[in-house]
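Asks: All chains, full assembly: derive it from the sequences and hints.
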Amino acid sequence: MNKTKVNVLPCSGIGKAFGTISRWAAFEIKENLKPENAELLCLARLVTGDDESVAKVHHNYNITIDGCSKRCAYKHLLEKDAEVSKSFLVAKFLVKNRDLKVNTRNVSDPGQDGQQLAKRIGIEISELIDELVSVHGEA
Amino acid sequence: MKKNIVIPCMGCEKLLGQLCTLAILHLKRANPSKITLEPSISQIAAGEYKESILGDNTIALNGCAIQCVNKILNQRKIKPNLIISIPKIIKDIKLPQKGQATLDYQDHEAVKSISNQILSQIEVFLEKSQNMETKPENKVEFNPEYSQFLEAEFSKFHFKVPVNDKNLFFNWNEAWAYHIGEGKFFIGITDYLQTKLADILICELPKIGDKIDQFEAVANIESSKTVNEVLTPFSGEVLAVNHELEEYPEWINEDPYLKGWIVLVKCPNYKEEIDDLMNPYQYFEFLEEKIKEEGLQY
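Protein sequence lines correspond, in order, to chains A and B. Mapping of the first sequence onto this note's numbering: residues 1 to 139, in sequence order. Mapping of the second sequence onto this note's numbering: residues 1 to 298, in sequence order.
Some hints could be false.
[Unchecked claim] With a straight-line cut-off of 27 Å between C-alpha atoms, the simulated DSS-like cross-links for lysine-lysine are: (1) B:K207 to B:K259; (2) A:K75 to B:K79; (3) A:K80 to B:K77; (4) B:K2 to B:K88; (5) A:K75 to B:K207; (6) A:K56 to B:K71.
Keep in mind that the hints were calculated from the coordinates and are not lab data. Bear in mind the structure is a predicted one, so any value in this text is a computation, not a measurement.
Replies: Following this line, the structure appears as structure tokens:
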């Protein structure tokens, strides 16, 4: 079966700025970078066992963008027996992008550099989305 | 002092979920001391959830009609004190045009308006909680004795009519009243009316102490089909209201003659007013005639 869609599951956390950045990155992917191929999935909906969500994670590619090392999105996908193409961690991106001064103390607004980091994460994930869908010549 | 713990869905699939996420963060930024945020997922995975919110006000914040937070809390056997549903509070809010949220929506007017609406719902809830704590007499239990249920049929519908030979009365406007002694009556609507109204969404209750005349509106019910006034079978003063219906108006659909009771009134003139009402058998006959003539039409 050809897969042309890639589910992107961001973190649903609310205690750290990393969760906010993961959602910003997911929005950037869906809105600007890969609107055709990316599909955002609510983690809460998947956790409740919603039929539509569970079907999607079994039919499409899955990428998680977790905020912190608890990796809730990744773990819950595995719990649903879904295959995870790649699991990303915002905290690791922060280490790789030390030129950005992200305001990690402000959960609701990690600042301009936080937005910049989200865009960089989005670009890297978009490249992976291209790779995944191009396996079947759909990119 | 109890904390107000808001558990948002943090949705990202639909615009409303996304705006809900942005709004609750906006609210936290603007009023850091008024709410505490807890995630719907991560602490559940860690098994720490219930302990951390025990004894505080738990507020479920659902971005869309799927109501994931309610379901998650239900799985954990946690009953929220307040449920806020974004689709119910956006009636007058102008939403962004695009289907997906972007980083630009952070300071969108809709986000600020939704944030204000959430805060307003929390404040109304706190005020009501305070009133209930200071008026313990409002916490009343309704334990009627029904000897049997008569059943009338129409198409696929079955309408139940409970029987109590001495204490149960009905008016022609599909309201019932159950006498518990000393002129005190629990009042609700009939099974027929709740079926006709379909899914009840809001039950607007009177205030304790309100005085009402016989056959006047004592409550308003809004359903998926219409808005309906509940016309009281007895006059008198409102002694108690069923506050649970503010959170669970669907109880009127599920159990109109028990947990769907609406108000408790004290009627000084009840012996005279009873003459204008029907007993359960008379109401049953009236109902059967009505079904033949009207069915479920308005």
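Asks: Now look at each hint and say whether the structure bears it out.
Replies: Each hint, compared with the structure:
no.	hint	result
1	B:K207 to B:K259	holds, 19 Å
2	A:K75 to B:K79	holds, 26 Å
3	A:K80 to B:K77	holds, 22 Å
4	B:K2 to B:K88	holds, 26 Å
5	A:K75 to B:K207	violated, 49 Å
6	A:K56 to B:K71	holds, 20 Å
Violation of the numbered hints given earlier is confined to hint 5; every other hint is satisfied by the structure.
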